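Engineer: Residue strings, one per chain:
2 protein chains.
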Amino acid sequence: MLNGHHLVNGTWVASERTFAPLNPATGEELSPRVGDADAALVGKAAEAAEAAFADYAARPASDRAAFLRRIADEIEARGAEITERAQQESALPAARLEGERGRTTGQLRFFADWIEAGICFDARVDTAQPDRKPAPRPEIRSILRPLGPVAVFGASNFPLAFSTAGGDTASALAAGCPVVVKGHPAHPGTSEIVAQAILVAIEACGMPAGVFNLVQGSGHEAGGELVRHPLIQAVGFTGSLRGGRALFDMAVSRPQPIPFYGELGSVNPVFALPGALGARGAELGAGWAQSLTMGVGQFCTNPGVVVALEGAGLSDFLQAADEALTGVSAQSMLTGGIAKAYRASVGRLTKASGVTGRRIGEEAGGSAVLPAVFEVSAETWLSDSSLHEEMFGPAAVVVRCKDTGEMADVARGLEGQLTATVLMEDGDLDAARALVPVLERKAGRLLRNGFSTGVEVSHAMMHGGPYPASTDVRSTSVGSRAIDRFLRPVAYQNFLEEMLPEGLGGNDGGPRLVDGKAHSGT
Amino acid sequence: MLNGHHLVNGTWVASERTFAPLNPATGEELSPRVGDADAALVGKAAEAAEAAFADYAARPASDRAAFLRRIADEIEARGAEITERAQQESALPAARLEGERGRTTGQLRFFADWIEAGICFDARVDTAQPDRKPAPRPEIRSILRPLGPVAVFGASNFPLAFSTAGGDTASALAAGCPVVVKGHPAHPGTSEIVAQAILVAIEACGMPAGVFNLVQGSGHEAGGELVRHPLIQAVGFTGSLRGGRALFDMAVSRPQPIPFYGELGSVNPVFALPGALGARGAELGAGWAQSLTMGVGQFCTNPGVVVALEGAGLSDFLQAADEALTGVSAQSMLTGGIAKAYRASVGRLTKASGVTGRRIGEEAGGSAVLPAVFEVSAETWLSDSSLHEEMFGPAAVVVRCKDTGEMADVARGLEGQLTATVLMEDGDLDAARALVPVLERKAGRLLRNGFSTGVEVSHAMMHGGPYPASTDVRSTSVGSRAIDRFLRPVAYQNFLEEMLPEGLGGNDGGPRLVDGKAHSGT
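Protein sequence lines, in the order shown, are assigned to chains A and B.
Numbering follows the numbering used here, with no gaps: position 296 of the first sequence is 296.
Numbering follows the numbering used here, with no gaps: position 53 of the second sequence is 53.
Since the list can't tell identical chains apart, any single copy or any two copies may satisfy a pair.
Each computed SDA-like pair below joins lysine to any residue, with the alpha-carbon atoms no more than 25 Å apart: (1) Lys517 / Ala117; (2) Lys133 / Arg78; (3) Lys442 / Ala246; (4) Lys44 / Ala57; (5) Lys351 / Leu414.
Honestly, the hints are just simulated from the structure, not real lab data.
Because the structure is a prediction, the values reported are computed rather than measured.
Assemble the whole structure, with the sequences as input and the hints as a guide.
Structural biologist: Here it is as structure tokens:
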């Protein structure tokens, strides 16, 4: 069923140069071999996306919504096939992949509904004031319009929800932007099946062929070419700090710099306040251990740092966590490279000065790894920024504090985060209220009494944050605000009704702001 | 009255190194000499802004609104003094400066009203679904919160409306961000009087002293230090492509890259369609000449390119423009450097291959310059991108086309623009409708039958555009959307009422989106 080819402008295209995908659990090569895109092929994909732009951007939102829904249907129709291949390529369990598929199709339908509601296009009308002195005011209307062709990088850790038809692709297509996906080399077959689904949707909905393109590649070349290509107008990326920063640097060094939406890393600190630890330390420790090891710790929102006061509550927390973690068996990570990097991180912490702790359980082989928990004093943590770095996987650092002042110092010492959590009881309210303004500047999402893994696809969700959590602090890659990343305001002064885009005409009746007053539309 | 000092944390601070401001009309030095900020002083200003952040960001919008209104009042109270000094520093006429003062104070009050309305903070609530399967949905709320300290660069061409208390400062303060202004060296005295006004407002409103700071400097050093300072979280800039790009590059190369909102240049093309030229070529030519020479052509929206079909209509247009321009006397530009650059641009075009045209009137001396109009075939223009560059001042290029296809080619050949204008009659509708999708990708604001100078401060206004018109295509530096540049979404999951920021609580009653439905608030 798989051909290992790229999808460019509605056609499957082979490359001379190919690579073999690997099963991380077994180390075995998977067939077929997959094309490795070169600059010429990337250029063709960008040109196809550009050629599709005018047609696609001019479609009514209802047409784009129907297209998104059809993609969701076609993905569902290939559900068993996707799960089977994704299991081989990612070592993720079937139940997790099925859940992720539901998230992916749910997200496509959520965006479809949202663009039909029209609110996200922020239509505005300033009425003419022909009698204003000293000069009349012309009528000005504005609305958000699509940016142009968007490059999307598939993420290793979500082969569906942050990959080929994941959040970046879905939000760009919802905005009216054609997409070129650079498939992640860890799951090219999964990408290809999803691309097949999208191709059927393109044909069924009469969309221009270049509205979606998939280029595969094993190294950095194709991605770099894509980000630098002059026709690409924005980039969506989820991945490592190092790789993401390199691509960000390319995006902003172009003759025409473009928006780069990169989600690069986060340790998602948990501030366990004394009242909470005292009242239910053991329960919290067990819950935290479960969040830490879910999906072999390979979530962007994995809670990799706990900040707490010394004391009996913390001991209860750590003991319960230790018991829970001891029961976790070795599990295969997404790729051999990721497992190797995880082992290196854990090894580094094991040898770090002032750090105690251990890998829990016996050393595992291949891509399979075990959880690890380290402990360090706040003083040591504050003095050694290498201890702040993300360890991608089920590993964490517990920072022991002498008092709440030290907890606040740790909060201030954090880099940018996707999330920050406060575990608290009523008696912790003053301490929590003192922490929140500090944490608000460090993270995109603040949680009270919960764990950060599990990101709702909803209107209020913020999945982003200060750098390096995101390269664009004003954006989210999850939730309906994700669409806004691929839109820009355009104003029309003194235009005729028949020259205005959808959503902005006088008789259109959609939601809009008229002279600063909100109208909900018909 | 003037001291030539910087304003840092509520205190006037002198520098050992100083520079002398110049009167561009006479070339004479103005007193007093002005401090030239070094890195240490810039650092103190950034630290003062950071120290003010927590307090200022936590103020209710009504307090910030009162502060903005008080700044407007204090500027008005110094109106005569500001006009007198700004005339000496900018050579702009009193009436223009008075109009610009009205725009500046009107903008402060417009932003004050808008933050009180609350819509711009985009409050969202996703209600909890405790019974959802397979997992309950937590309550998630989100709202836009201020970014942190903002650096603002005063612009030479708007010593009030895009300078010390101009649009960037006003929108940052409205958003809840403290500001450090790097004063433009062409009008330091004007900046200082406006800073005096702001200082009185700070004290009268009980705002933290570091909420506004002014650092003066004659060269590039202070500005570079400011953009690179780790406490600065965003930058607003209006100026040249070269200077702006250098600062942009610094902003995105920081260890933590920050948003840089730069408005760098635009030639604001005018597409004169055949029907319009045939029906009223002379009238349009005279109107265009007036727009081109307004304020000695020193507006960002100056219409510096006309694209038209050969023919009698174009001859009428050019003849009327020529007559109008012949009546324009030499006028002093904002600085000697700007006049020199203008003469160099005009001189370059005079010698360019395939270009005809002339400076209109006799050569003037000092900083005073005359308008210039050049003509070129579309073929030549398309083949020589140096002809596309902005000539800051009252100079323009008329691109003669053989047919509307060539007009569309010119449209496609444009770089990013603030504005693009279509002059049309009913018979031009098809040609206009073919051009609009092309121009929409090139410019932030499209006009029908008007001239681009004159930018309304309103809700629908878009003053920005694809690079190099703006370094951030998604943003505007004029109108209520300007505030959005300095805000970022923060989500609060399962929070207690008393831990939420203003505008987001359950009983707050402001405008918000609840489960995707818009509520206008009480």
